[in-house]
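Undergrad: Residue numbers (numbering that gives the first Met the number 0), protein chains in the order written: chain A, 0 to 156; chain B, 0 to 616.
Rather than coming from a laboratory, the hints here were simulated on the basis of the structure.
Zero decoy hints are in this set.
Computed list of lysine to any residue pairs in SDA-like fashion (alpha-carbon distance at most 25 angstroms, straight line):
| no. | chain 1 | residue 1 | chain 2 | residue 2 |
| --- | --- | --- | --- | --- |
| 1 | B | Lys66 | A | Val49 |
| 2 | B | Lys611 | A | Thr125 |
| 3 | B | Lys282 | B | Lys312 |
| 4 | A | Lys128 | B | Lys384 |
| 5 | B | Lys67 | B | Lys381 |
| 6 | B | Lys66 | B | Leu382 |
| 7 | B | Lys62 | A | Ala34 |
| 8 | A | Lys128 | B | His601 |
| 9 | B | Lys62 | A | Ala120 |
| 10 | B | Lys51 | A | Val36 |
| 11 | B | Lys51 | B | Ser233 |
| 12 | B | Lys500 | B | Trp452 |
| 13 | B | Lys371 | B | Pro74 |
| 14 | B | Lys147 | B | Gly170 |
| 15 | B | Lys66 | A | Val36 |
| 16 | B | Lys66 | A | Leu48 |
| 17 | B | Lys231 | B | Asp242 |
| 18 | B | Lys611 | B | Ala78 |
| 19 | B | Lys611 | A | Ala120 |
| 20 | B | Lys67 | A | Ala38 |
| 21 | B | Lys66 | A | Glu39 |
| 22 | B | Lys113 | B | Gly170 |
Remember, it's a predicted structure, so these values are computed and weren't measured experimentally.
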Amino acid sequence: MTTGTIIAIIGAAFAAILAGIGSAYGVRITGQAAAGVVAEKPDLFGKLLVIEALPGTQGIYGFLVAVIVMVRIGVLGGGALQLSVEQGWSFLGACMPIAFVGFFSAIYQGQTAVAGIMMAAKDPSTSAKGITMAALVETYAILALLVSILLVFGIQI
Amino acid sequence: MIVPMKKVTLYALKQDKEALLAALQRCGELMVVETEDSLPQDGCEEATEALKRTRETLRFVGKNAGKKGLLTVRPEVEASRLLSADPESEALQKQAFGLERRLDENSAKESSLKAQSDSLAPWLPLDTAVESLKDTRKVAVFTGNVAKDSIPALTSVLDRFDAEAQFLGEGLSGRAAVLYCMKDQAEEMLSAAKAAGFEQAALPRISGVPVDCEAKLTEEREKLTKERDEMKDSLSKLAAKRDELELLCDQQATVCSRLGTPAAATEYTFRLCGWAMADRAEKIRKAVESVTDAYALAFEEPTEDDQPPTVEKNSRFVTPFETITDMFSRPDPRELDPNPIMAPWYWIIFGMMMADAGYGLIMALFFGLFLKLKKPRGDFGKLVKVLLYASITTAFWGVMFGAYFGAEWFPPVLFIPLDEPVSTLILCLGIGVLHIFSGMAMAMANAFKAGDWQAAIFDNLSWIIMISGLGMLFVPSLAGVGKIMALTGAGIVLFTAGRSKKGIKKVTSGILGLYSITGHVSDILSYSRILALALSSGVVAMVFNLLAGMVQGSIIGFLFSIFIYLLGHAFNLAMGLLSAYVHSSRLQYIEFFGKFYQGNGHAFTPLSVQNKYVDLK
Chain A
0 MTTGTIIAII
10 GAAFAAILAG
20 IGSAYGVRIT
30 GQAAAGVVAE
40 KPDLFGKLLV
50 IEALPGTQGI
60 YGFLVAVIVM
70 VRIGVLGGGA
80 LQLSVEQGWS
90 FLGACMPIAF
100 VGFFSAIYQG
110 QTAVAGIMMA
120 AKDPSTSAKG
130 ITMAALVETY
140 AILALLVSIL
150 LVFGIQI
Chain B
0 MIVPMKKVTL
10 YALKQDKEAL
20 LAALQRCGEL
30 MVVETEDSLP
40 QDGCEEATEA
50 LKRTRETLRF
60 VGKNAGKKGL
70 LTVRPEVEAS
80 RLLSADPESE
90 ALQKQAFGLE
100 RRLDENSAKE
110 SSLKAQSDSL
120 APWLPLDTAV
130 ESLKDTRKVA
140 VFTGNVAKDS
150 IPALTSVLDR
160 FDAEAQFLGE
170 GLSGRAAVLY
180 CMKDQAEEML
190 SAAKAAGFEQ
200 AALPRISGVP
210 VDCEAKLTEE
220 REKLTKERDE
230 MKDSLSKLAA
240 KRDELELLCD
250 QQATVCSRLG
260 TPAAATEYTF
270 RLCGWAMADR
280 AEKIRKAVES
290 VTDAYALAFE
300 EPTEDDQPPT
310 VEKNSRFVTP
320 FETITDMFSR
330 PDPRELDPNP
340 IMAPWYWIIF
350 GMMMADAGYG
360 LIMALFFGLF
370 LKLKKPRGDF
380 GKLVKVLLYA
390 SITTAFWGVM
400 FGAYFGAEWF
410 PPVLFIPLDE
420 PVSTLILCLG
430 IGVLHIFSGM
440 AMAMANAFKA
450 GDWQAAIFDN
460 LSWIIMISGL
470 GMLFVPSLAG
480 VGKIMALTGA
490 GIVLFTAGRS
500 KKGIKKVTSG
510 ILGLYSITGH
520 VSDILSYSRI
530 LALALSSGVV
540 AMVFNLLAGM
550 VQGSIIGFLF
560 SIFIYLLGHA
570 FNLAMGLLSA
580 YVHSSRLQYI
590 EFFGKFYQGN
600 GHAFTPLSVQ
610 NKYVDLK
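Isolated chain A, as found in the complex (with noise of 0.2 angstroms):
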């Protein structure tokens, strides 16, 4: 295995790890807030569950990005390609944006999703709008993932 394929890889353990963390932390704050309404009124917990896995996307795309890094550097299915270092590089670098934003969307979109299931517990009739409000900051984490695709298939081997 060459330095170039480390690099690689460590490019996708960021991608997963840092989008991972960011996730593991807004569906946290989440669930907390929401077991506390779901205490107060249990015919709510269909609702807020939804408003809850919101922040949890952001993982799924880092371990998106991280796969199809593995599938495209060969470590996937056998027989790891032999990358230059600045290949190697370039995956790290198509990692970033994902790993980042994936980071700070997942814990701002847990925030802003907390808020949403304050106002549910108010008034049950406005929890699609806090599930509208909590999905508007996951844009920048899917602009994000596109970016970290494209760039991914974009090396090239």
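With chain A held as given, fit chain B onto it using these hints.
TA: Okay, now just chain B, sitting in the frame of chain A:
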């Protein structure tokens, strides 16, 4: 489309009020609104109280009856049965209410007995009656507790004072002890004993030998347990009658909504004001006539100041999608209904985001069966229908992109997004441009309806021309035409955006108007999320296939791989549905509705029978 509404005013005699309200409730077409002089009917508060009690009882019975089966179907009931509460059901509710109170009392008694028994426990080895433990002429008696470690210290203190101790059982605060000493040394001994770790405590408040008392307590507790078991038995019998209580709940809610109807009254007459759909006027008149002929009923067109409620009426395909719009905001009754245009776009975009023929099939089966067996109603029922319809587009785009459970069973009709992300991106942005254009077209239609042709042409058509022109610049053969169109559009915006302003502001507003191109571009780029979501659900599916493929070496591995397939795809399908639902809604709310939609209508809630737990025959 939005159903035209009529303002309804009904005058009738007070003696017919009860019967009239019941008839109108049966008919379910009139939404009564409050006026300055209107009041709810007599008995409204009592009815609300009764409903609240029944709901609590139902919760109590339900908690003990366990969950209903997932596929339990609501019973069917005649609407007329809901108009008043059944006396037998009310008796049943009272019985359940009494049972709940007695159970509470029982457990309160039980816990107080348990507390007594706990405090008695350390004193059980005492073989004399408690009341006999008091000072004699020469001897002082102290009772209390001492921690186990402090016993040797205490014993040595006692030895010094020539006192005696009787150590009894272990309790929460240490070992119970009785100290005896001569009265003349009592004070000194006590303070020394306290220093050694003795804590003075009163005896439990009982009379007689502790063991006998304990026996009595145990007997009482057994009696309570027996009573509780009996009550639990009758509770499970009640739980079998949950249906009756649920029906009672609906009946009482119906009574409540009828008595809560606001009406203005004089000595002999009363007046109802409200709204009804224009084509239902005859139905309301018939309902009134079935009760009395002494009435005056007027239907009027709403004036500018009125705020009629919004009723949407659409084709069978569009109707379920109304729930998506209503979650954002109901349309204003005076604007165009966005649903007929929004529904197909939501349908297509949802399918693109899921884009897997296998998932489409599973969705069709799952939601189809769910609708058939469970018959969900209201907004939730509509949502399930939306998902059922979306299964068709999901399968369609799956075939287009060659995705079958994340694998490529057949070659794609168009291309595979993962192999040609740029082509897919262009496709998604193209869909976005058309979606936004249709939003602008709606804005134009609304402007024409309001008689403002300038807004239609200058603020909307200009942008359609300009954005189409800019798009054509990317196609070499159309670049020439595109350039002219883009410049024409930009020129219209530049010279007309400031048309309502004066002087220098005319110029600055024109330039600022042109600047809003950034907003349009970011709106269009927002549709790139379609590609991202399609890729993400596709790749996650692929990963699970890959993982399952890796373990398929032996028979155990093969079984394990089936497990991975099922769990992995179920997870991916659920997350994909969530993302597709949220993000295709967002594209409607922000990018599409942002172009034209006012919203802020309120719901039409006619006086009708309440059937939360039953279906009407």
